[in-house]
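Number of protein chains: 4
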Amino acid sequence: MLYEQKIINKTDAQVILKGLQKIEVLIKDGTFSLDPNKEDVHTNIESWLIEQHGIEHIGKLHTARSRNDQSNVDTRLYIRDKTLEFIQSICTLNSSLINQAEKYKDYVMPGFTHHQHAMMTTFGHILLAFTSMLVRDTERFTHWYTLHNCNPLGSAAGYGTTFPIDQQLTTKLLGFDKPDINSLDQITNRWEPEIDLVFAINVLMNHLSLIAQTFILFATPQFGMITLADEYSTGSSIMPQKKNPDPLEVVKGKTAYISGLLQTLLSLGKANFIGYNRDSQWSKYALIDAVEETLPAIKVMQEVIETLKVHKKNMEKWCYKGFIGAPTLMEQIASKHHVTFRKSKMSVEKAVKYSTGDKVTYDALKKALKEEETNISITKEEVEQYQDPYIIIELTKSFGGPGKQAIEQSSKLLKKNTNEQCAWLDKKTKQKQEALQLLEKIVTKIYSNS
Amino acid sequence: MLYEQKIINKTDAQVILKGLQKIEVLIKDGTFSLDPNKEDVHTNIESWLIEQHGIEHIGKLHTARSRNDQSNVDTRLYIRDKTLEFIQSICTLNSSLINQAEKYKDYVMPGFTHHQHAMMTTFGHILLAFTSMLVRDTERFTHWYTLHNCNPLGSAAGYGTTFPIDQQLTTKLLGFDKPDINSLDQITNRWEPEIDLVFAINVLMNHLSLIAQTFILFATPQFGMITLADEYSTGSSIMPQKKNPDPLEVVKGKTAYISGLLQTLLSLGKANFIGYNRDSQWSKYALIDAVEETLPAIKVMQEVIETLKVHKKNMEKWCYKGFIGAPTLMEQIASKHHVTFRKSKMSVEKAVKYSTGDKVTYDALKKALKEEETNISITKEEVEQYQDPYIIIELTKSFGGPGKQAIEQSSKLLKKNTNEQCAWLDKKTKQKQEALQLLEKIVTKIYSNS
Amino acid sequence: MLYEQKIINKTDAQVILKGLQKIEVLIKDGTFSLDPNKEDVHTNIESWLIEQHGIEHIGKLHTARSRNDQSNVDTRLYIRDKTLEFIQSICTLNSSLINQAEKYKDYVMPGFTHHQHAMMTTFGHILLAFTSMLVRDTERFTHWYTLHNCNPLGSAAGYGTTFPIDQQLTTKLLGFDKPDINSLDQITNRWEPEIDLVFAINVLMNHLSLIAQTFILFATPQFGMITLADEYSTGSSIMPQKKNPDPLEVVKGKTAYISGLLQTLLSLGKANFIGYNRDSQWSKYALIDAVEETLPAIKVMQEVIETLKVHKKNMEKWCYKGFIGAPTLMEQIASKHHVTFRKSKMSVEKAVKYSTGDKVTYDALKKALKEEETNISITKEEVEQYQDPYIIIELTKSFGGPGKQAIEQSSKLLKKNTNEQCAWLDKKTKQKQEALQLLEKIVTKIYSNS
Amino acid sequence: MLYEQKIINKTDAQVILKGLQKIEVLIKDGTFSLDPNKEDVHTNIESWLIEQHGIEHIGKLHTARSRNDQSNVDTRLYIRDKTLEFIQSICTLNSSLINQAEKYKDYVMPGFTHHQHAMMTTFGHILLAFTSMLVRDTERFTHWYTLHNCNPLGSAAGYGTTFPIDQQLTTKLLGFDKPDINSLDQITNRWEPEIDLVFAINVLMNHLSLIAQTFILFATPQFGMITLADEYSTGSSIMPQKKNPDPLEVVKGKTAYISGLLQTLLSLGKANFIGYNRDSQWSKYALIDAVEETLPAIKVMQEVIETLKVHKKNMEKWCYKGFIGAPTLMEQIASKHHVTFRKSKMSVEKAVKYSTGDKVTYDALKKALKEEETNISITKEEVEQYQDPYIIIELTKSFGGPGKQAIEQSSKLLKKNTNEQCAWLDKKTKQKQEALQLLEKIVTKIYSNS
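Chains as they are written, first to last, in the numbering used here: chain V, 5 to 454; chain F, 5 to 454; chain W, 5 to 454; chain S, 5 to 454.
Hint data in this document are derived by calculation from the structure and do not stem from the laboratory.
Mixed in with the good hints, there may be bad ones.
Identical copies go unnamed one by one, so any copy, or any two together, can satisfy a pair.
Stated by the list, open to error - Keeping only pairs whose Cα atoms sit at most 30 Å apart, straight-line, the calculated DSSO-like set for lysine-lysine is:
1. Lys374 <-> Lys14
2. Lys431 <-> Lys420
3. Lys431 <-> Lys32
4. Lys347 <-> Lys14
5. Lys22 <-> Lys347
6. Lys340 <-> Lys32
7. Lys10 <-> Lys340
8. Lys247 <-> Lys401
9. Lys10 <-> Lys384
10. Lys321 <-> Lys371
11. Lys325 <-> Lys313
12. Lys313 <-> Lys416
13. Lys449 <-> Lys26
14. Lys247 <-> Lys374
15. Lys431 <-> Lys374
16. Lys42 <-> Lys354
17. Lys182 <-> Lys432
18. Lys401 <-> Lys14
19. Lys357 <-> Lys313
20. Lys321 <-> Lys14
21. Lys176 <-> Lys419
22. Lys325 <-> Lys431
23. Lys374 <-> Lys26
24. Lys14 <-> Lys32
With the hints as extra help, turn the sequences into a complete structure.
So this is what it looks like as structure tokens:
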């Protein structure tokens with residue numbers, strides 16, 4: 005841009021470009037060493053270039069920009085890339101979840117509330133609940149783009165510059181959507197693009213920690229509903245029989261870690277005086293730690309889910325315990341036998357108490373209905389059926405529920421969402437590529453002889 | 005919906021509706037008292053209605069729903085309304101800020117970084133920086149709609165219902181965009197619509213606390229740049245001379261408060277077992293406290309800004325101190341006299357040291373340039389001009405900066421943004437009204453004789 | 005003190021005292037109403053007294069103090085009282101826990117790590133683990149006294165006063181240990197006595213939430229080890245069979261709430277400018293909410309524990325599953341048969357794999373030992389015994405463990421700790437009483453005729 | 005201990021000890037490389053030793069302990085050492101502060117509340133306020149010892165061991181005060197010794213951030229009261245005149261960082277199921293980051309303070325502005341002229357309004373007193389004197405205030421506190437040395453021929 009605007013001439017541009025490209029190679033080779041006495045990476049680069057190529061041209065490297073500009077641009081490009089990687093990883097995880105959900109849509113099991121048996125559900129339904137949460141997560145990441153895919157170049161120290169720069173051009177060259185509307189805003193808020201990402205990560209991790217905790221319980225000897233694959237379990241140094249769900253605990257630990265990093269960013273952004281302050285440098289540590297700790301966790305969760313052993317028999321076994329069919333029995337008495345909901349509930353509550361064993365018996369229900377002065381012609385067969393897990397799932401037709409048709413609808417919608425996210429990803433990747441092509445065009449122009 | 009679906013008949017619907025409308029009146033009058041022995045508000049209402057109207061019809065009130073459904077719907081309606089109020093308040097604040105920015109666009113003052121004099125700016129430019137932040141805030145609130153304006157009815161205890169309910173109809177009746185895609189998801193995550201709002205509030209409050217802290221410093225005797233209106237200052241019980249910026253400190257205190265509430269919500273949402281757990285009830289306290297503490301703060305900030313006394317002379321005075329014109333002098337030497345940026349910086353740095361007083365003198369600069377072997381024909385007049393605050397502002401042409409044209413552009417764009425937000429608000433208000441109209445239509449049908 | 009120092013005369017003191025005592029009565033009756041136009045409670049009181057008794061004497065009420073002094077003293081007295089109440093409640097809870105631990109010291113059950121069967125333990129041992137945590141909690145509360153039982157009077161606005169006050173006397177009259185060493189310190193840090201209390205509460209609540217979560221899992225149908233008493237369970241609005249551990253979930257919810265309040269206090273205390281700032285007022289809301297939400301939770305937990313039904317058979321049943329006796333078998337092979345620890349572990353690990361069923365069989369072990377070229381003369385009976393829960397507990401002799409003698413030792417030490425806390429409580433209560441007696445003596449002197 | 009208890013024999017002990025000592029040398033040389041495939045550091049060490057020395061003796065290395073034991077001991081030893089280092093650093097900082105306070109005890113300056121001029125003080129008084137805070141900080145670190153200097157060895161996986169270990173001996177050998185009272189407690193709470201340290205650090209950092217923010221404002225061109233030494237200031241890449249208080253901003257950034265780490269630890273400790281869970285591993289990252297980020301900051305703050313340039317004239321100048329003498333004038337009217345406090349305040353408040361310039365004039369006061377019908381014989385000289393900074397400081401006699409005698413008293417007490425801390429440090433260091441001596445004695449015994 006400096007060349008296009010004639011702020012620097014062609015030779016300046018050539019020397020600077022060649023120098024930077026040399027450094028790029030050295031960095032990739034791991035042979036460019038940073039001297040801590042030279043304050044920061046920007047100063048290191050310029051002083052190395054001056055040593056190599058003299059001050060005549062390189063002395064113009066820093067024209068019309070501050071280190072704030074550079075650091076701000078770098079951070080946005082980094083977060084932008086990571087945003088896309090998070091969305092990609094979640095989409096892949098979601099595809100796995102939807103696949104598994106279809107596989108396990110007939111695996112009946114107790115649905116829990118308060119850690120107690122509530123109503124009947126299927127393992128597939130639970131897996132779709134996870135997917136549904138994660139779809140919202142992707143939307144938080146795409147929202148980052150709306151808020152922050154803007155070009156900060158030209159802010160200088162926060163108060164603009166008198167050089168005749170072209171911010172529209174740098175916007176295009178870097179694949180941004182528009183230039184920052186005020187030079188002072190984002191320099192003062194050098195925690196905000198960071199926190200929008202970290203918040204999205206934190207909610208995502210809360211969801212992953214929910215999946216983790218749910219699986220940890222399902223995998224206890226007591227629940228016995230799932231077993232983690234050996235590759236995702238670990239042993240003990242003193243207990244020969246142990247098989248521990250470490251990767252799932254790690255997800256929980258990382259969730260705790262992220263919530264602290266979010267708090268750090270919040271604290272960094274509170275009650276500052278206008279203009280850049282060095283405090284905000286700590287937002288970088290929080291940002292990078294947050295990304296590096298969590299991005300791999302999504303893939304691990306995907307693999308845990310894909311390799312999970314699911315114990316159909318144990319899931320089913322619990323469906324005949326703890327009166328878990330009672331709520332549907334109650335609904336059916338109300339809907340098929342025209343008893344008011346309240347009466348029906350009172351009757352079934354009594355019937356639960358009168359029944360011995362694990363489900364409402366015909367006799368107990370009869371006794372209860374009589375006491376409630378509710379006269380209906382329910383049969384013994386009906387009482388059994390309305391408590392049968394497979395029949396209950398069949399009867400459950402509400403949208404979003406565990407019923408067959410509902411699962412199909414949800415599954416289809418969730419797939420559609422995932423596909424839309426993929427399309428969005430493609431679009432954004434293309435925008436980045438076009439920016440690079442434009443950049444290469446100008447580089448070619450600079451290196452051309454004419 | 006229960007009536008439309010023939011789950012309850014017309015008489016049931018009439019009795020229930022009349023009962024509920026009676027309770028609405030009593031609550032508005034403050035004469036409906038809740039009995040704490042009756043567990044919660046839902047049970048209180050049903051049992052009062054049964055006392056008044058018998059169980060025959062009222063016994064069907066709770067058909068096809070759980071208290072989870074009700075509480076979830078209530079929370080979403082509450083947050084949705086508050087979201088709109090927040091956006092409304094921020095838009096009003098932004099209009100004030102843009103007005104004041106235009107008024108003060110010529111008030112030159114030092115721009116700060118690290119609390120030290122950096123480069124020249126204007127008070128108007130700073131006010132537009134505030135506006136620019138707040139525009140992003142409105143976008144976080146509108147994003148809540150994308151994520152959460154969905155209908156949770158039909159989830160029941162999280163596992164759906166066997167009643168033949170119509171979730172598309174309840175979606176329309178309540179002004180939602182679509183039904184929840186999975187019945188178990190949001191019942192398990194009864195902290196998430198809350199946290200998306202509270203996060204938006206927290207970032208907003210961070211911005212307001214930045215404005216507050218900036219004004220607090222500007223209002224010290226030492227800065228002397230602004231004075232708060234008497235209505236927004238308080239006295240002391242033992243110091244007769246005091247005039248304290250209490251409302252601004254209150255904004256900072258509330259910001260600290262919100263960051264705690266956000267943490268509460270994060271913690272509530274971590275590592276839960278699937279299905280509803282009572283822990284999440286505490287999300288309601290966090291939510292309501294967050295809203296009630298902060299919504300009024302936006303209006304107070306608006307009034308503080310509208311009634312502010314701004315001391316042009318004191319602002320200008322500091323523009324001639326602390327070498328604040330040096331960066332522009334350096335830029336102009338580079339751009340007008342074709343010295344490399346680095347050389348120019350090194351020369352002006354030396355010149356600062358050689359100068360006595362508060363700005364770079366012609367002689368000092370000459371000496372410095374000579375030492376740097378930089379031969380240019382800069383005049384004494386130029387040296388003066390490039391350090392003059394008004395000329396510097398004129399020379400600053402970069403987009404987003406404090407220059408005249410840049411301020412006009414930014415101002416126009418920010419107004420446009422504000423207008424778009426207003427239009428969005430109108431659209432969403434209309435959606436709510438249409439839902440109410442549809443609701444009234446059905447109510448009329450229920451009350452009709454045919 | 006003002007009277008003792010002759011800063012006000014006897015009549016002044018009499019009028020002021022009488023007035024304040026009148027207000028005390030009105031407040032207790034609920035008939036003293038605060039006028040929000042009069043800034044705060046201090047101004048309300050003074051202006052009411054002036055209305056009633058004129059300015060001549062009441063005008064001296066505020067002599068030599070600021071509202072900071074008053075608010076600081078009030079806060080410390082409040083926290084001090086609450087500190088004692090917390091310690092009292094924890095001691096009572098601990099006594100219950102130790103009682104129950106003795107009752108259940110023979111209830112063998114699996115000890116868990118990673119939610120998986122680890123080694124044998126008893127329910128009594130687990131209850132003593134809870135007690136042991138709570139003893140540290142009491143020490144955090146007593147530590148508050150060491151840090152903050154100091155007299156802030158005399159700080160005025162933070163910079164002292166020229167009135168000839170006697171801070172040693174007010175220290176004695178209020179039961180403080182010493183006056184604050186610097187007038188500016190604690191006025192600037194009006195979040196610190198608060199945070200030391202809230203931190204102690206937070207760690208306590210983390211412990212209570214651990215107890216809660218552990219009981220919630222033990223009470224699932226799958227674990228089936230305990231049942232909560234009916235008074236500490238709740239039902240469902242749509243599921244007739246439900247019995248939910250609500251009070252335990254409430255403890256978890258409150259723990260999340262407290263962690264937010266702690267964060268609020270941290271944020272309030274960060275990067276302030278020296279001297280009082282109004283931000284710190286929000287520390288009061290955090291403080292009082294923290295106390296009122298959590299103090300009752302300790303008593304509820306105590307009652308839950310005292311009324312718990314414990315299912316010995318179900319606990320014992322799981323001791324014969326999942327190879328939980330393997331670690332002791334391994335230890336005994338090492339210690340009784342002089343095999344190295346590593347060899348023994350490798351052998352038993354193999355034996356676990358070779359065994360069918362839920363414990364290591366003699367044949368499997370033999371095969372494994374042979375493969376490891378380990379020749380020992382272990383008998384079939386030994387193999388059985390070393391995996392038997394009751395024998396394992398008998399063999400476990402290490403201090404702090406579940407063995408009989410260890411439980412007796414721990415129990416004794418924990419009782420001793422609890423008794424020491426009680427003695428400390430008595431001492432501190434006496435200190436408060438002595439202060440009150442001294443105060444009454446001076447009041448009597450003021451009201452005397454001579 | 006294993007040898008002393010005859011759990012392993014002399015040859016075993018010799019081979020193991022020699023092996024470990026070899027590893028110690030390799031680690032110090034940086035030539036012991038960890039193989040990530042071998043799970044953790046413990047497994048790496050054992051497997052390296054087995055490779056070198058065979059399984060016969062080394063196979064006993066892990067006898068009677070789990071990795072939990074080792075990790076728990078290591079963490080406590082690490083925190084214990086760091087605790088001592090923190091106390092040492094704070095004591096050194098405090099000595100500097102007290103020295104500087106004595107140097108600047110006559111530097112009068114405005115005392116602030118709400119960032120506004122409140123009452124007169126001295127720079128020395130402010131420095132002692134900082135010291136007074138830091139003394140409480142040392143007490144939080146010493147409190148760690150009371151809570152956590154206990155021996156966790158013998159816990160094994162949390163449920164003890166059947167090996168005949170001697171926990172009293174290991175307690176002495178490691179310089180602990182006593183063994184852990186319950187084997188399951190601290191293994192479950194592997195975030196608690198961490199959080200007690202990090203909380204102490206966080207409160208300390210809040211205090212350092214207060215000092216930082218105060219100095220940042222004092223160093224603005226507007227306040228002009230202090231200048232940071234060049235070694236503790238930085239420049240700008242585009243502003244030749246800049247001198248930024250970076251180290252102080254870094255302290256603020258680190259404070260935000262720590263508050264996040266504290267939150268991580270809180271979250272890690274919430275609602276766990278009894279027994280070890282891997283989540284808690286993340287407490288180590290939080291712990292070590294917290295220590296490494298903050299320990300050096302204390303020394304930097306000490307150096308900033310020791311090299312500070314303090315501008316007496318500028319401090320004094322502001323003592324004649326903004327009616328800062330008014331509060332003392334009011335106190336003196338009340339105390340010397342027997343006007344009630346309230347009347348005196350009302351009069352001086354009016355007088356402030358009637359006065360032009362920066363202090364209350366005799367005429368303005370007279371007019372005000374007359375309006376308040378208060379007839380006193382105050383002289384013009386008195387009015388001047390009571391507003392004179394030096395006379396005010398002389399008049400301020402209250403303990404803890406800026407008066408000469410109060411400063412001497414406070415200074416003496418704070419020195420005494422610091423000395424007591426030093427004595428405590430010596431005692432604890434000696435305890436560690438004695439433990440090492442005992443250890444060496446046993447080592448000698450093992451290596452002896454007899």
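Do the hints match the structure? See the list:
Within a single copy, Lys374 and Lys14 get their C-alpha atoms only as close as 98 Å, which misses the 30 Å cut-off; across copies the closest is 28 Å, which meets it. For the identical chains of this complex, Lys431 and Lys420 are neighbours both inside a copy (17 Å) and across copies (27 Å), given an alpha-carbon limit of 30 Å. Taking identical chains as interchangeable, the C-alpha atoms of Lys431 and Lys32 lie at most 30 Å apart only when both belong to the same chain, with a minimum of 29 Å there against 52 Å between chains. In this homomeric assembly, Lys347 and Lys14 come within 30 Å of each other (Cα to Cα) only across copies, at 19 Å, whereas the closest approach inside a single copy is 88 Å.
In this assembly of identical chains, Lys22 and Lys347 lie within 30 Å of each other by CA distance solely across copies; the values are 21 Å between and 84 Å within a copy. Taking identical chains as interchangeable, the C-alpha atoms of Lys340 and Lys32 are never at most 30 Å apart, the minima being 73 Å within one chain and 38 Å between chains. Proximity of Lys10 to Lys340 under the C-alpha cut-off of 30 Å is restricted to the inter-copy arrangement: shortest distance 12 Å between copies versus 83 Å within a copy. In this homomeric assembly, Lys247 and Lys401 come within 30 Å of each other (Cα to Cα) only across copies, at 27 Å, whereas the closest approach inside a single copy is 39 Å.
Only between protomers do Lys10 and Lys384 lie at most 30 Å apart by alpha-carbon distance; the minimum there is 27 Å, versus 92 Å within a single protomer. For the homomeric pair Lys321 and Lys371, the shortest alpha-carbon distance inside one copy (28 Å) is at most 30 Å, but the shortest distance between copies (35 Å) is not. Both within a single protomer and between protomers do Lys325 and Lys313 lie at most 30 Å apart by alpha-carbon distance, with minima of 23 Å and 20 Å respectively. Taking the closest pair of Cα atoms, Lys313 and Lys416 come within 30 Å of each other only inside a single copy of the chain (25 Å); across copies the shortest separation is 47 Å, beyond that limit.
Proximity of Lys449 and Lys26 under a CA criterion of 30 Å is satisfied intra-copy only: 19 Å inside one chain copy versus 63 Å between copies. Taking the shortest alpha-carbon separations for Lys247 and Lys374, only the inter-copy value of 24 Å comes in at or below 30 Å, while the best intra-copy value is 52 Å. For the identical chains of this complex, Lys431 and Lys374 are neighbours neither inside a copy (66 Å) nor across copies (55 Å), given an alpha-carbon limit of 30 Å. In this assembly of identical chains, the alpha carbons of Lys42 and Lys354 lie at most 30 Å apart only when taken from different copies (19 Å versus 80 Å within one copy).
For the homomeric pair Lys182 and Lys432, the shortest alpha-carbon distances inside one copy (14 Å) and between copies (27 Å) are both at most 30 Å. Proximity of Lys401 and Lys14 under a CA criterion of 30 Å is satisfied inter-copy only: 24 Å between copies versus 71 Å inside one chain copy. With identical chains, the CA atoms of Lys357 and Lys313 are at most 30 Å apart between copies only, with a shortest distance of 18 Å across copies and 36 Å within one. Taking the shortest Cα distances, Lys321 and Lys14 never come within 30 Å of each other, neither inside one copy (78 Å) nor across copies (43 Å).
In this assembly of identical chains, Lys176 and Lys419 lie within 30 Å of each other by CA distance solely across copies; the values are 24 Å between and 33 Å within a copy. In this assembly of identical chains, Lys325 and Lys431 lie within 30 Å of each other by CA distance neither inside one copy nor across copies; the values are 51 Å within and 51 Å between. For a Cα distance limit of 30 Å, the shortest separation of Lys374 from Lys26 qualifies neither inside one copy, at 91 Å, nor across copies, at 33 Å. In this homomeric assembly, Lys14 and Lys32 come within 30 Å of each other (Cα to Cα) only inside a single copy, at 27 Å, whereas the closest approach across copies is 54 Å.
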